[in-house]
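On the provided structure of chain A, position chain V as indicated by the hints.
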Amino acid sequence: MTSAPWLSLSIWIPILFGLAVLVFSDRHAAQVRQISLIGAVLGLAVSLPLYSGFDTQTSAMQFVELSPWIPRFNIHYNLGVDGISVLFILLNSFITVLVVLAGWESIKQRVAQYMAAFLIMSGLLNGVFAALDAMLFYVFFEATLIPMYLVIGVWGGPNRVYAAVKFFLYTLLGSLLMLVAFLYLFDKSGGSFAILDWHKLPLAMTPQLLLFGAFFLAFAVKVPMWPVHTWLPDAHVEAPTGGSAVLAAILLKLGAYGFIRFSLPVLPDASHALSGYMITLSLIAVVYIGLVAIAQTDMKKLIAYSSIAHMGFVTLGFFIFNAYGVEGALVQMVSHGFVSAAMFLCVGVMYDRMHSRNIADYGGVVNTMPKFASLMMLFAMANCGLPATSGFVGEFMVIMGALKHSFWIGFLAATTLIWGAAYTLWLYKRVIFGAVANEHVAALKDIGAREFLVLALLALAVLGMGLYPVPLTEVMHASVNELLKHLAVSKL
Amino acid sequence: MTSMQQLYLLVPLAPLAGALIAGLGGRAIGRAGAHWAAILGVTVSFLASVAIFFDVMNGNVFNGSVYTWLTSGETRFEIGFLIDRLTVLMMVVVTFVSLMVHVYTIGYMADDPGYQRFFAYIALFTFSMLMLVMANNFLQLFFGWEAVGLVSYLLIGFWYTRPTAIYANLKAFLVNRVGDFGFLLGIGLILANFGTLDYAAVFAQSSGMVKTTIEIIPGAPWLLMSVICICLFIGAMGKSAQFPLHVWLPDSMEGPTPISALIHAATMVTAGIFMVSRMSPLFELSEAALSFVLVIGGITAFFMALIAVVQYDIKRVIAYSTLSQLGYMTVALGASAYSVGMFHLMTHAFFKAVLFLGAGSVIIALHHEQDMRKMGGLRKYMPITYLTMLIGALANAGLPPFAGFFSKDSILEAVHLSHTPGAGFAYLMVLAGVFVGGLYSFRLIFYAFHGKERFAAHDAGHGAAKDEHGHDAGHGHVVPHESPAVVTLPLIMLAIPSIAAGWTIGTVLYGGYFGSAIFIAPEHEGMAEMAQEYHGVISMMLHGLTSLPFWFALAGAATAWYLYIARPDLPAVLRQKAGVLVTILEEKYGFDRFNDWFFAGGARALGGGLWKFGDVTIIDGFMVNGTARVVGWIGGLVRLFQSGYIYQYAFTMIIGVFVLLTLWFRHA
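Taken in order, these protein sequences are the chains called A and V.
Quick note on numbering: the numbering used here labels position 463 of the first sequence as 463, and the sequence is numbered without any gaps.
Position in the second sequence (first residue = 1) + 1000 = the numbering used here.
Bear in mind the hints are in silico, worked out from the structure with no lab data behind them.
Not one of these hints is a red herring.
Chain A is faced by these chain V residues, among others (derived, beta-carbon under 10 Å):
id : residue
1  : Leu1174
2  : Leu1185
3  : Leu1189
4  : Gly1614
5  : Met1623
The calculated DSS-like cross-link candidates involving lysine-lysine, where the alpha carbons are at most 27 Å apart (straight line), are:
id : chain 1 : residue 1 : chain 2 : residue 2
6  : V       : Lys1577   : V       : Lys1588
7  : A       : Lys491    : A       : Lys188
8  : V       : Lys1612   : A       : Lys429
9  : A       : Lys429    : A       : Lys445
10 : A       : Lys429    : V       : Lys1588
11 : V       : Lys1452   : V       : Lys1577
Since the structure is predicted, the reported quantities are computational estimates derived from the model, not experimental observations.
Ideal Cβ positions, reconstructed from N, Cα and C, are used throughout, including at glycine.
Chain A on its own, in the form it takes in the complex (with noise of 0.2 Å):
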């Protein structure tokens, strides 16, 4: 299985599919549509030998590949996965299928360069996940903010270009530091840019918190974490349905990633020095914006701020260095790009018929769009973390892993059965629920037969991983213990 460089190929596959169709116009937006679809479509079938040929009881990189790519300062052109990062090549891969078809009508003008932008951003986006070298990481992380920035500015709402640069700005801020850090552990390791080695590299407990430091701004922008979290509402908001569900789906994973690749292993020790301050930060994540998710008027912010929340528990999952918390948090992860890709892409059904996002606009479109509505619900009652959904697996077992590391912790992240339920469901009560709003519900058309495919693909995701989530936990097991036993050595 092994033969074919998979890992290189789930990356270059989209991004030459992304490049080749940017030769086309408008005029041929036809052939566009179809020429992304089957670059997205091959780009998820090049994936799946990962999780075919993987082999769950190792914990070493696997797929990997490795040749030099600037000699002088020792960089390599180094992929590889783990029970970790195969996960999220997958989700990125199949999101792109579900984006490219997301956008198949609803975008009318430069079709070729929001598909293009999109394919490319995929295959940036798996070469974050594969990459080993650290150098390599650190390029696909920053120009993965291109296409997305471009995507928000140009196919944005009306305040686009605010968002846009509040995004651009937020991330790119955060990430400098990181290079900092990269280019310090290069000089400590002795010349190396490999993650891997720096994993096993001893570090002082003053650098380690320095380095924690840098790598906190470039992951906690990303997650977002609070108090670092405002741009994302308003990307969110003035993003295109596709960019929502992306930026939501895959791009939120890259922070949380970062934790889990970088500031646990590298830095165990500040790690958990710290943990008090980034446990806070969770809880905060999940009591304080659920409760700010309750007074949104505007569907996608009250989406968004349900996004940070949920981001809340992986990060609370990864710092309280149990097996439950951290593979709940991976499930989270995964779930999470589901759920709110499927949410996101429900507001998109909408905003392409009414053109609003606001929830006083609507009410009662289940009397008009019926099929409709029983998938939101689904997606609704996911995103509540209701039991034999996606949304509950990663849930349960941060909460199970928290009560087990304290109660009090434990409490205030199982406050989000509380929270979850209000916001999400007095969101459907009042758009999907009630009597017909006014004569724009009225004229509402229930969804076709593409946007049917995309929703129900995700509806039997979320299904199928909150009845048997197995398939998808046993691949990480080895790789989270590792990690795990790793964190319990010092490196002082």
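For chain V alone, kept in the frame of chain A given last:
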């Protein structure tokens, strides 16, 4: 897999298949197709449950896994079944009542556009409830727990265009979530301390944990068992609508009547009672938890019954009666009389289903009128409904020889004999509740079925707020008539056990029916004493005739007769005289107002405040955009220095050199 194990699987999967066919294929197979799919599924499930019941009676208990849901760390989370005597009792009751309600629905929902959807939901409910009762571990229990909550949410909001319905279903879900929050904490504490969620493994370790303490508040060591049990019981308070989490149940009457019978009376709301009985090996280890259970149950049993007396909506009377009866069951649990609680759960499932379905029969006969003030004298038009509801009311009031007598009397006896702190208070509550129970049960019967016919006089009033379907405004008022056989047959089928189910008391309570499924600590000897005093059904009835509760119940019924038959003018006078009291009861002690203002309003205000102040003003306004402004301002300043004029640069350079030289020379 043995054939018995296949049968176990069939029990929940048959209704699930019915639900999927009716729900996803509803349009293709039509209305009849949908109800046949659902009914067939539930019938199969019922027959399989009966077969399993006899198998278990022959001593075949099963505890095993179906599949591994998840592994994490050292823990395996399984989906599995525990089939013992406690389980099969619930399986038979749930599938039987569900089947009756399915049949009844054909008549009740006959002209509803959401017919297929309704069948899909109730079949799905049956599946969820069965998964809950058949679980052999806490995880699956929680699965079923939340799943029945979901279906309840969907069914309360079944008529989704009505504002009251979608308010009620959101409220029900959120209040239940508060309970689930406690429940999940309890489960988490079990996992953290026992390292497993498997019932048998937890129970096996529990006796070793009696003295274990946990410091939730530093410096205050609490018994771990008490904390766990109270957390679990908070879950039961949500699902079984115990004070102060009872507020959702009366509003759930916004749902169609068949589900009020099935979910909000007979089965789902008893999940909490079942759960605590299942957890008897844990609750028996905590005196504090049992006291807590007793007090909560006692408050619910009495104070909710009082509200039933002032209600006019026929369904709400029964809803408050359900709350009160759930309080009785809870009290039994607190008195360590789990088998009695389960026994009352069973008898109540039958007679409360009769009352609800009978009420539904009246409601359709009067074209969706639920106000008892617009009923009266119905007994001659609807004899079967009248008779079956009368049986239900007699059972509900706890009069012999009806089923409720045996279970309710046993509860009173058990509480009386209990020495757990709080038992004295609970006894007073349930004893007083017996009088109120007699009063509201017969108030309903007399109001609806006896006295003057008031339905014709209010012809113009209908079609407004209390109209369930909202599509019958065109109907003129004709003489009410008895409902069709699909409605009356289930009534009769449920009325029979409402009479006779109590006669099994010898087997269920004193014949060691539950065996090892329920554990009672040796120091809680009440049940053993009761067993010694029990000498058969007849003697229990005769003894009952000379005991206080019987006369209390009779007095309640007599009061109802006096107020609503002999002196129908009196209630209005009483209402005026006892104005404050009536207002308190009509306001339901103010819980709804308080919750709306404090919790719902508070959360919204807090969320809005945090958003406007925290996110918009502090973080974005001050820090983010503030930083941008400072950068802009510094940029502006710096721009002044980059004027492009050579003389400015030269001048600055000279000043710089001068300053540096000065510093250097002084230093030297």
